[in-house]
Amino acid sequence: MKTRQEEMKAGQVEMKVRQEEMKAGLEKKMEAGQERMEQVQEEMKDLIRAGKEEMRVHVASQVEGIKNHVDGCIGRMEEEVQGVKGKIEEVKTEVQEKMSDLERRLSDLETRPNNFPTNPEFMYSRPTVKPLTFDGLTSWAVFKTQFDVMSSTNGWTDSVKASQLVASLRGSAAEVLQGIPADKLTDLTTIEKALESRFGDSHLTQFYRTELKTRRQEPEPSEKAFKNWLPMWND
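Counting in UniProt numbering, the sequence shown runs from 1 upward without gaps.
Simulated from the structure, these hints should not be mistaken for lab results. Treat the numbers as computed from the prediction; the structure is a model and nothing was measured. Do not rely on the hints blindly, as some may be mistaken.
Stated by the list, open to error - Here are the simulated SDA-like pairs of lysine to any residue, each with C-alpha atoms no more than 20 angstroms apart in a straight line:
1) Lys52 - Arg36
2) Lys193 - Ala182
3) Lys161 - Asp135
4) Lys98 - Glu35
5) Lys67 - Arg56
6) Lys87 - Lys67
7) Lys193 - Ile180
8) Lys92 - Arg76
9) Lys144 - Thr186
10) Lys28 - Leu47
11) Lys85 - Val95
12) Lys184 - Gln62
13) Lys98 - Val160
14) Lys23 - Gln39
15) Lys144 - Gly171
16) Lys184 - Val160
17) Lys193 - Leu109
18) Lys161 - Val149
19) Lys193 - Leu177
20) Lys67 - Lys23
21) Lys184 - Val149
22) Lys193 - Val142
The task is simple: from the sequences and hints, build the whole structure.
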């Protein structure tokens, strides 16, 4: 009887030992599996980090390419703007030089003594009559006749006549010069044509016709208005 109990007890001990061994083996396998899982997770993290870095590098490369393209476009635009500014400055300088030259010539004509040696272009006798002026309110034809007589008497060249004509203009007549290119302000023909177009007989005829048409459209003009209008036809 005792022997059977001992056998049973020994069997229980052996079973317990086996259970412990199985438990230990299972724990080792679980630990190995856990380690492998952690290793796989780390590998996945590394792959994700590598993918993110690759994507970041790619995006940064694309952004840098776009930035370089935009910078290049801006640089070309700035160069073009500078080129346009340079041309504007050149034209501005040229106009200023021509205006300064014209002012200098006019000043020379007004201040140079008769016995002062000068370029033949400006050699003429000083006017002995009062200088003429034209403001656009008097007859252009009358002024033109007087100016031609004075220039002929003094032996002026066309260049001198152009300078004297410019110097004689006042008021609205002087404003005509604003419509003449700077390089033509010493050209007598160009100046005379501009003044003829603005103040010549053809311009006055059209002006009178417009006035007459306007007056006719007005109902019963007053006697005072008629008296103010009548002298325009008597000039």
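Query raised in the report: Among all the numbered hints in the text so far, which are the ones the structure does not match?
Result: Structure breaks hints 1, 4, 6, 8, 10, 12, 14, 17, 20, 21.
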